[in-house]
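**Student:** Spelled out, the chains give:
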Amino acid sequence: METIVFALLNGVIYGLLLFMLSSGLTLIFSMMGVLNFAHASFYMLGAYFAFTISGSSSFWIALFIAPVLVGLVGAVVERYGLRKVHANGHVAELLFTFGLAYLIEEVVKIVYGKTSVDYRIPDLLDFPAFTIYGASFPAYRIFMLFVAIGMLVGLWVLLKKTRAGLIIQAALTHPHMVGHLGHNVPLIFMTVFGIGCALAGLAGVIGGNIFVTDPAMAVQMGPIVFVVVVVGGIGSLEGAFLASLLIGLLQNFAVGISASFGEIFGFLGLSTTSELGSITISSLAPMLPFLLLVLMLIFRPRGLMGEQEL
Amino acid sequence: MTIKTAALAAAVSVVAVTAASADTIKFAFIDPLSGPFGPSGEAAYTTFQLAAEKINEAGGVNGDMIEVTGYDNKINPKESLVQLQKAIDSGARYILQGNGSSVASAIIDAVEKHNKRNPGEEVLFFNYAAVTPAFTNERCSFWHFRFDAHADMKMNAITDYIKGNEDIKKVYLIGQDYIFGEAVAAAAEGQLGEKRPDIEIVGNELHPLGKVKDFTPYIQKIIASEADAVITGNWGADMQLLMKAAGSSGSDIPYFTFYGGSLGAVSSLGEASIGQLHQVTEGITNQDASDEQYALIEEYKERFPTYDYYYHRAFNTLNMFDMAAEKAGSADPIAVAKALEGLTMEQAYGTVTMRAEDHQAQQPLFISTVSDDVKYGVDNIDLGWKLVEGGEISAEAASAPTTCEMERPE
Amino acid sequence: MSNATTTIESLQPSSAAKFRQRTLPILIFAAVIFAIPMTDPSRTMYSLMHQIGINIVFALSYNMILGKAGLLSFGHAVYFGLGGYFCMHVLGWIEDGVGPFGNYPVFFLPLLGFGGGALAGAVIGWPSCRKAGTTFAMISLGVAELIAAAGFMFDSLFGGEEGISGDRMNGPEMFGLSLGPIDEVYWFIAFWTVVGVIGMFAFTRTPLGKLSEATRDNPQRVQFIGYNPQQVRYLVFIIAGGFAGMAGGMAAVNYEIFTPESLSLIPSGFVLIMAYVGGITYFAGPIMGAILLTYMQSMMSDFTEAWLLYLGLMFVAIVMYAPRGIAGIVFGFVDGIRGGNAGAYFTAWIIRLVGCLLMLLGAIVLIEMSVRWSNGYGEVFEPFGLHLGHTNVLTWILIIVPLVAGGYILRRASREEEEGAA
Numbered sequence: 001m002e003t004i005v006f007a008l009l010n011g012v013i014y015g016l017l018l019f020m021l022s023s024g025l026t027l028i029f030s031m032m033g034v035l036n037f038a039h040a041s042f043y044m045l046g047a048y049f050a051f052t053i054s055g056s057s058s059f060w061i062a063l064f065i066a067p068v069l070v071g072l073v074g075a076v077v078e079r080y081g082l083r084k085v086h087a088n089g090h091v092a093e094l095l096f097t098f099g100l101a102y103l104i105e106e107v108v109k110i111v112y113g114k115t116s117v118d119y120r121i122p123d124l125l126d127f128p129a130f131t132i133y134g135a136s137f138p139a140y141r142i143f144m145l146f147v148a149i150g151m152l153v154g155l156w157v158l159l160k161k162t163r164a165g166l167i168i169q170a171a172l173t174h175p176h177m178v179g180h181l182g183h184n185v186p187l188i189f190m191t192v193f194g195i196g197c198a199l200a201g202l203a204g205v206i207g208g209n210i211f212v213t214d215p216a217m218a219v220q221m222g223p224i225v226f227v228v229v230v231v232g233g234i235g236s237l238e239g240a241f242l243a244s245l246l247i248g249l250l251q252n253f254a255v256g257i258s259a260s261f262g263e264i265f266g267f268l269g270l271s272t273t274s275e276l277g278s279i280t281i282s283s284l285a286p287m288l289p290f291l292l293l294v295l296m297l298i299f300r301p302r303g304l305m306g307e308q309e310l
Numbered sequence: 001m002t003i004k005t006a007a008l009a010a011a012v013s014v015v016a017v018t019a020a021s022a023d024t025i026k027f028a029f030i031d032p033l034s035g036p037f038g039p040s041g042e043a044a045y046t047t048f049q050l051a052a053e054k055i056n057e058a059g060g061v062n063g064d065m066i067e068v069t070g071y072d073n074k075i076n077p078k079e080s081l082v083q084l085q086k087a088i089d090s091g092a093r094y095i096l097q098g099n100g101s102s103v104a105s106a107i108i109d110a111v112e113k114h115n116k117r118n119p120g121e122e123v124l125f126f127n128y129a130a131v132t133p134a135f136t137n138e139r140c141s142f143w144h145f146r147f148d149a150h151a152d153m154k155m156n157a158i159t160d161y162i163k164g165n166e167d168i169k170k171v172y173l174i175g176q177d178y179i180f181g182e183a184v185a186a187a188a189e190g191q192l193g194e195k196r197p198d199i200e201i202v203g204n205e206l207h208p209l210g211k212v213k214d215f216t217p218y219i220q221k222i223i224a225s226e227a228d229a230v231i232t233g234n235w236g237a238d239m240q241l242l243m244k245a246a247g248s249s250g251s252d253i254p255y256f257t258f259y260g261g262s263l264g265a266v267s268s269l270g271e272a273s274i275g276q277l278h279q280v281t282e283g284i285t286n287q288d289a290s291d292e293q294y295a296l297i298e299e300y301k302e303r304f305p306t307y308d309y310y311y312h313r314a315f316n317t318l319n320m321f322d323m324a325a326e327k328a329g330s331a332d333p334i335a336v337a338k339a340l341e342g343l344t345m346e347q348a349y350g351t352v353t354m355r356a357e358d359h360q361a362q363q364p365l366f367i368s369t370v371s372d373d374v375k376y377g378v379d380n381i382d383l384g385w386k387l388v389e390g391g392e393i394s395a396e397a398a399s400a401p402t403t404c405e406m407e408r409p410e
Numbered sequence: 001m002s003n004a005t006t007t008i009e010s011l012q013p014s015s016a017a018k019f020r021q022r023t024l025p026i027l028i029f030a031a032v033i034f035a036i037p038m039t040d041p042s043r044t045m046y047s048l049m050h051q052i053g054i055n056i057v058f059a060l061s062y063n064m065i066l067g068k069a070g071l072l073s074f075g076h077a078v079y080f081g082l083g084g085y086f087c088m089h090v091l092g093w094i095e096d097g098v099g100p101f102g103n104y105p106v107f108f109l110p111l112l113g114f115g116g117g118a119l120a121g122a123v124i125g126w127p128s129c130r131k132a133g134t135t136f137a138m139i140s141l142g143v144a145e146l147i148a149a150a151g152f153m154f155d156s157l158f159g160g161e162e163g164i165s166g167d168r169m170n171g172p173e174m175f176g177l178s179l180g181p182i183d184e185v186y187w188f189i190a191f192w193t194v195v196g197v198i199g200m201f202a203f204t205r206t207p208l209g210k211l212s213e214a215t216r217d218n219p220q221r222v223q224f225i226g227y228n229p230q231q232v233r234y235l236v237f238i239i240a241g242g243f244a245g246m247a248g249g250m251a252a253v254n255y256e257i258f259t260p261e262s263l264s265l266i267p268s269g270f271v272l273i274m275a276y277v278g279g280i281t282y283f284a285g286p287i288m289g290a291i292l293l294t295y296m297q298s299m300m301s302d303f304t305e306a307w308l309l310y311l312g313l314m315f316v317a318i319v320m321y322a323p324r325g326i327a328g329i330v331f332g333f334v335d336g337i338r339g340g341n342a343g344a345y346f347t348a349w350i351i352r353l354v355g356c357l358l359m360l361l362g363a364i365v366l367i368e369m370s371v372r373w374s375n376g377y378g379e380v381f382e383p384f385g386l387h388l389g390h391t392n393v394l395t396w397i398l399i400i401v402p403l404v405a406g407g408y409i410l411r412r413a414s415r416e417e418e419e420g421a422a
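Residue numbers (the working numbering), protein chains in the order written: chain X, 1 to 310; chain E, 1 to 410; chain L, 1 to 422.
Next comes chain X alone, as it looks inside the complex (with noise of 0.2 Å):
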């Protein structure tokens, strides 16, 4: 039972900074075509300018300050970086992005040093909401819960009732069709890939100090981004969404299962003592949502929610 409340709890909260992070890549992806892989970098500057903006304010200040920057930043790239590099192709975009996510890193290193940054929890949140089964459940994840609920409102009214979310939405499949109307279809996509790089940042600031800010975190949570964007589906907020809330959970249901493939496939003859046997299933939690991307893309390609193949 509490291993069930447990992986419940951590799952949700653990798919929803999850879904903060890929939300924004999602919006860009579908927009542009471009997967873009320095957006983890976004997510790691978020975290390096609230520890900044922290130190010599406060938190609270960061929290609404270091997405904005982060999203300025993210919108000088598309302007002088990407922009330019739009006429060579697709491939051209997603390696442009690729050397960025290097360079940022190398950069980050030179200005906040190599190793981590003492980035703290606020002390007005550092308490234990409550108490389970022997476990204390820390405030600041509640807060992040929060957090991430009003984020994905925020997102939800943006999109579906206001007008620049109408014209962002129609840009997002007819790209040709807005320009003709006489919108500027340039400055949308800088728009969109500004708010997704904030939306990282955003993550950054709240996930930055309950993991480690370092320059290898970009590096660290890179990959599952893509796993999120792409079995969500392009161009669904709503399979983001499902995908990160999915994700969450079933790593950590995983790790609460300590049956070995030995045990389970025993009826096979499979041993437990085997090399194979002796793999248990809470060892391979990490390894799921790879294995759940190839998957989905060779039985489903259009993802969960997509409204178009990739």
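If you are wondering where the hints come from, they were derived from the structure by calculation, not from laboratory data.
From a predicted model like this one, the values you see are computed outputs, not experimental measurements.
Backbone N, C-alpha and C fix where the C-beta goes; we use that ideal spot for every residue, glycine too.
It cannot be assumed that every hint is accurate.
As the list claims (entries may be wrong) - Going by beta-carbon spacing under 7 Å, a handful of chain X positions derived as facing chain L:
1) L95
2) G99
3) G262
4) I264
5) I298
Let chain X serve as the given structure and place chains E and L on it in line with the hints.
**Tutor:** Chains E and L only, in chain X's frame:
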């Protein structure tokens, strides 16, 4: 493009200062100096450089100066072999390496082949941190010397401490899912069964190497198992993230680690690490020591403010080399290797002996935990390491038997 | 051309052109390979050249799928690694003299690597080659992550963290080469590099090679003329996996060790950078990329600890300003010089070069100064006896002036070119 590279090389080569003269003894430090593992390599590199300077200031080795040159292997075994070749060609006869058993294994192998294929040009490998027990057991080599305690010895220290602690009845093992993590778990199980048969191992968990972002579910499994202590061999991000999740769960189970003292682990945990995070090392800065040792610690911190005095064994390595070379009267690798065998040295935290059978240094080990009442902090915060009561483990208690059957050159 | 219709014969290259474009480069390549040992290189140079040879084959095999078939893969090191691992196991069997390969000559090990890589390509390629584009890229990423994780789980196959090591000096000797000393290994690497280069060049001339380019450009049309693009991609993928495995076999003999990290995303990313920096639209591009990047990887870290930053800058600059890579720059230069207005072209080229060098100078001073400042060891960047600390005004002059001047020159040059084109 070649023009550009040449210009670049010309422009930057001026930076690289290599003062080679006839009477320098060249040491090649082959470890990561860039990329994600760069900091851990650099922390050791700076320590070796200070150690070499100290020896040179005191008159050098038989009057010759030691020079330690860094070779960046990007923690890749194949790249290490290229760097090894570069080092040998530049005249280095002594190799220093420690980060990653995969690299150490490749270097042991390559050094053996090199020495066999190029007689008269022998090279010695001083391993300062790769802890796979096999290197001084079934895979032992005359050309390899290890100055760090290996995994089984460190585990010996931990289990010895647990033996004397009656409160601990249930132990949880967690580690990385690869050969090292498995070896640590097996050693813990075996040794606890021998020393404290009443202890129950309530969990033995392996997770993939460097893939887990959130350790909270693992921590909750640990709490649910009602363990009194956790033993882990985790290092790097896996170590930091594990402890971070443990800290925020509010539990106060002690964690016995090999690498709790690695860069950034204490600062990322903060106050939650006090009395909870334990490590086993060959000495800590806050231990009682001579004034010279304190002066040395302070000098290191002043010169290299990013890092802390952690690799005490770098001093042991070069000082023992100094002793051996003076005993042999030459810096020839074979003579030095023979002189090193069985050599005993008094150092700041006790006596260290290089066991002749397997070239494994025998030294006292210490269990320490984080405290806010210390002389020297780490990671540039006020927290630092403090010995725990009964945490001094003698060299004999930490020692492990060897199966080494060494082939010696004539 | 005034005549609108040309016959097939007149489109065919003359025999002189054939010689110049096909035979001559290979002859020069072979001559260079034979000339290198005459210069009595150091062992460091030998081991560097061995690494370059392996990477040439690896990068070319990668370009078979990226450049020729248009498939972007993030997991090509999987085939390199699996081929190499298979060879390491064979090396062990040769040492023990057991199994069907107990008497196999080590010299021909890369052939088995080819087989291993091709087999892996055939198994993994089956589900992944059905789609091109992003689908393919993402599947390759997922598969690479899974295989790399498996590398650490199955110790009997991959040897765990320490990997598998072996000894190449066993089994029957071929061509009188014991393969012990490093200069004997040179001939082994040289032989297989030449075999790989010629083999992959020959592949581009086959109908399948041509079809793969057609599938890249327009899969529908390929289908219309009666071929199955999926099958074409699959076959090319298998062969590319084979050549990658061959490179793995060369690496197995050269290093005598294979570790699971050679299956991971890092070498996969590196081969992508090698091929792209060299230029994926040219056959010779990946060769140039392999030479340059291998050199940078092994040698540049001696000069500067910020070598990764330079690598990143170079990569981004190439993606943004020279998408056809180094080969594009080199061949563009050659074509320009041989074109009508050589003098003007040469002047324009020199102006650009000056602009690039100025910017490079500013960037180097900035980076080297910042790195030392950031370390806080009190070291100072001191080129040519200058003392360039971050508090020195001269430092900032040396950073800003070349950057601005170089940027201005390049901007003007590109504007003039646009005007000239218009």
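**Student:** Does each hint fit the structure? Answer for all of them.
**Tutor:** Here's how the hints hold up against the structure:
1. Below 7 Å, beta-carbon pairs count as interface contacts, and L95 (chain X) has one with chain L at about 5 Å; its hint therefore holds.
2. Nearest Cβ of chain L to the Cβ of G99 (chain X): about 4 Å, under the 7 Å cut. The hint holds.
3. For G262 (chain X), the interface hint is violated, the least distance from its beta-carbon to any beta-carbon of chain L being 14 Å, above 7 Å.
4. Interface restraint check: I264 (chain X) against chain L, minimum CB-CB distance 16 Å, threshold 7 Å, status violated.
5. Because the smallest distance between the Cβ of I298 (chain X) and any Cβ of chain L comes to about 5 Å, under 7 Å, the interface hint for this residue holds.
The structure does not agree with the numbered hints 3 and 4 stated previously, though it agrees with the rest.
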